[in-house]
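K.L.:
Since the structure of chain A is already known, use the hints to place chain B on it.
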Amino acid sequence: MNRGTRATMRLHEPSDGAALVRRLLSRLGFYLFAVVVGAYFAVPMLWLVFAPFDAHPTLAAVPPSAFTMGNFWDLLKDPYALPSLLNSILLAVATMALVVALAAPAAYALSRVRIPGRDLLLYVLLLFSSVVTGTAAMVPLFLLVFELGLINTYLGVVLVLAGGLIPAGIFILKDFMDSMPRSYEESARVFGASSLQILRDIVLPYARPGLAVIAVWVIVNVWSNFLIPFILLRSPSSQPAAVVVYNFYTEGGQADLRLISAFGLLYSIPVVVMYLFVNRRYGFRFYGGLKG
Amino acid sequence: MADVEIRGLTKVFPGGVHALDGLNLHIEDGEFFALLGPSGCGKTTLLRTIAGLEASTSGQVFIGGRDVTRLPPSARDVGMVFQDYALYPHMTVADNIGYPLKIRRVAKAERRRTAESVGGSLQIQALLDRRPGQLSGGQQQRVALARVIAYRPRVFLFDEPLSNLDARMRLEARTFLKQLQRELGITTIYVTHDQAEALAMADRMAVMEKGHIRQLDTPTACFRRSANLFVAGFIGSTPMNLLPATVVDGSLEVAGCRLPIPDAARPHVTSAEKVILGARPEYMTLSVAEVPGALTGTVRILENLGVDTLVTVDVGELRVQATVPDESMPTPGDRVWLTPDPRHVLLYRQDDGEQVSARRQAEDMSAEAPPAVDRTAR
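Protein sequence lines correspond, in order, to chains A and B. Residue numbers for the first sequence follow our numbering, so the first one is 1 and each next one is one higher. Residue numbers for the second sequence follow our numbering, so the first one is 1 and each next one is one higher.
Excised from the complex, chain B in its bound form:
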């Protein structure tokens, strides 16, 4: 078991693309850590640099307190599961699982025993003599997991291991993977572009954009108190409402309606300042009767999400969304009032997209100077 520390890690690809830009990050021993971001944000490059498959331009990587920056992948004691699983098509499942041990010169009988015991714990013991080409996607994924477990590394590195599965399998594999990580207690770094996956599985996560970490926190905090407009827009199954607002007479004017300023943000705004109000559809209350201090408009579209319905309301020029439980369903054309839960309203500066309460800083989003998330907003 080991912790992982990243210090000032920079990776510049030939051609001048900054895939990683001076990253600092500390991942605790036994933690399930997710790297989340859109494609091209540098999350996979970071994972590959930790694995030793990419050399960093500058900066250091520590695993278990040891500087591994200049060490080859084999000396870092990390196990990696690739997006395509990288199972060897010419080997049986048992040989695939036993391959890391073969490299360590473990005898054949012992390798077979390990494959059987690890395969047994992942419910693939019946498949040991098949070849990867004969397995379904979910089974292949388990074989890849079995192989990396048989290797017994100090850190697991997962590169979008669920993205090749269909939606249903992905949910099962998610639960399974998290449970497995809890049981083994091995430090896990998990790369994904799926925010739901990161929210569901991670102990902590880093939301990345263009080689920078934009927020480093628990999934709950990233969801409830998104540090900036990027994180606010990226996280959440239904997009957060981001509405231009103006501070007028101690309240917020949004599309001709007046909303109270959240207490936590009050000291950080000045009169007539233009801000962006962020409110998740999940934290909006919809009412068909008039409510003071609410947004009002006409219901445009209803989308069924299963338990809830996503209601899109035209408020002046703006479109505002709210999730509504089945029983209080409006119909399109109704006039409704939307009240954002004041505890979950976030205000962002228009210029740099950070929360109004955040310190002005020179583009430093690193872990050592964490983005000033408003801790009092709760």
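Only chain A is shown next, with the shape it has when bound in the complex:
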């Protein structure tokens, strides 16, 4: 501010000076806004890094007053904590495998076959998929899974989760496959390749970055999903991490921040590691287009 006015006086050009001040102010405003937004996102991360190592964590993101690894040792004593992470991995990987295995051929078919109303079909599927895993469909979903005798089985959870994710998966993968030149398949067909051979040898390798995107996206979705496993799984030992984290209460009924923060850190590590690995190995390519 001060510098702005001094600059104005030196220039002896009031109109230019006013513009300069306005520019500086808008700059300042922008930085302030960026700092606030940045802090809004950074503070929870800081808390996640600090709190697990604090003997008496609070909800404030401050460096540990008394450093300890005790929180993690206490977590190990909990019978459900570590197994729940394994349960999460199992659910996530199984759902991912099912979604990729079904969405890839479906996307290929929808990308190559011209049927009337194809795009409408895709959009309707996409619309319903958000309903399937949404709160609104919980009662019918529960009843359906109950009738199928799949309550308290991973199969039930995986089927429901996959059902909700496949349409969006098809939608994203179809864009990748649309971008593949037709001559690739046609030349393979002239050489005598069957549709399945073309899918395996040419289409899937070509769409690999798209498959990586879908795989990571499915895993992250399942990893953070609370509602479906919470409703469909009854026994505590089979619950995934997203559900188990709600069990960490003290005898007094207070949220046990020591366990929650330590568990939160463990819970976030696999996703971060996976993201780094996939990004390194395959590279996320979004130019296939996420126009949804």
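Don't read these hints as lab results, they were simulated from the structure. By construction, the Cβ of each residue, glycine as well, lies at the ideal position given by its N, Cα and C atoms. A few of these clues could be false.
Cβ-to-Cβ under 7 Å is the rule here; a few derived chain B residues that face chain A [claimed, not checked]:
| # | residue |
| --- | --- |
| 1 | Y88 |
| 2 | H90 |
| 3 | P100 |
| 4 | Y151 |
Mimicking EDC-like on lysine to aspartate or glutamate, the simulated pairs with C-alpha atoms at most 16 Å apart in a straight line are [what the hints assert, rightly or not]:
| # | chain 1 | residue 1 | chain 2 | residue 2 |
| --- | --- | --- | --- | --- |
| 5 | B | K210 | B | D21 |
| 6 | B | K108 | A | D201 |
| 7 | B | K108 | B | D129 |
| 8 | B | K102 | A | D178 |
| 9 | B | K274 | B | D249 |
| 10 | B | K274 | B | D351 |
P.N.:
Just chain B now, with coordinates in the frame of chain A:
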């Protein structure tokens, strides 16, 4: 090895576009056959129908005497090179070349050996472990050729394989491709929109327009004795002179000048008939001294073609072009006389654009009733 026969082939696309209209064609075993025409003439559709990538609306395709009309591409034993080469970006060059063999369940070591031997004969053996993205256009083109050769089909189908190369590379690849075809002796159908390419490479060619074959002959015949105005205008690096003429007293009046009627055309014209005279710039003689029975006018523009110069002359209202060797070069503004070589003058009817000697026929340009090219005109 096999011949290819097309009988009454028609392809109608949804929307009613006749891409192919009752085509008949016979391509000999071991022949290098070019399909030439402007874009949208149906040449690529014809090639894709022979490959089995498009289903014909009616008509039949025979390869080696066998009716393949209803067979899938894999059962036709044809190998195709696409305009964009269709090399798989995730496979190495060796894997690309070996892919047709992989489909035939040939063992990996054997595939590698084939890739090495075929790659060696095309001078790409050093590139076998690279990926297509790391190759130049010319190298990619050779990989595509190597792949189709490794497949050992009975017929090669080439869809404008040189159009993605720059001009210099295209000339080299042209020679290379023709030599390769001679060595392998495999029947080759080659689609192109570049008339120079077709003239240079083909044993025979079909000039196509709007789903019809307008002329089916050797490149020399198509060039020298273009059957109709379409072929006359399409073939030739420098456009043919097409001049409106009137038959007057046993000679042709063109822009106030008198030219003799070519002997071969004489019986087919009547007095006062209006015709189109066709004469290629290559078959025009330019003179600075007066010549009887010649077109006369003023030199307007000179264009250097390398060895020759293309001279544009204003003859009355018309523009006439002639190629002239360097030594007898006029200058713009000169009055000159142009004599078309009477052996290479063609006369076309004004109404249907066919040669005056051609039979009047009901739009049948097919191979079984070849357009009556004037064989005596030579």
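K.L.:
Against each hint, give a clear statement of whether it holds in the structure.
P.N.:
The hints, checked one at a time:
The beta carbon of B:Y88 is positioned within 7 Å of a beta carbon in chain A (closest approach about 6 Å), and the interface hint is therefore held. Hint status for B:H90: holds, given a least beta-carbon distance of 4 Å to chain A, under 7 Å. Hint on B:P100 holds. Least Cβ distance to chain A is approximately 4 Å, under the 7 Å limit. Satisfaction of the interface hint for B:Y151 is found here, the shortest Cβ-Cβ separation to chain A being roughly 6 Å, below the 7 Å cut-off.
For the hint linking B:K210 to B:D21, the alpha-carbon distance of about 8 Å falls within 16 Å, and the restraint holds. With a CA separation close to 15 Å, the supplied pair B:K108 and A:D201 stays within the 16 Å bound. Distance hint between B:K108 and B:D129 is fulfilled; the C-alpha atoms sit about 14 Å from each other, no more than 16 Å. Among the hinted pairs, B:K102 with A:D178 is inconsistent with the structure: their alpha-carbon atoms are about 26 Å apart, more than 16 Å.
For the hint linking B:K274 to B:D249, the alpha-carbon distance of about 13 Å falls within 16 Å, and the restraint holds. A threshold of 16 Å between alpha carbons decides the hint, and for B:K274 with B:D351 the separation of about 9 Å falls inside it, so the pair holds.
Of the numbered hints stated above, the single one contradicted by the structure is hint 8.
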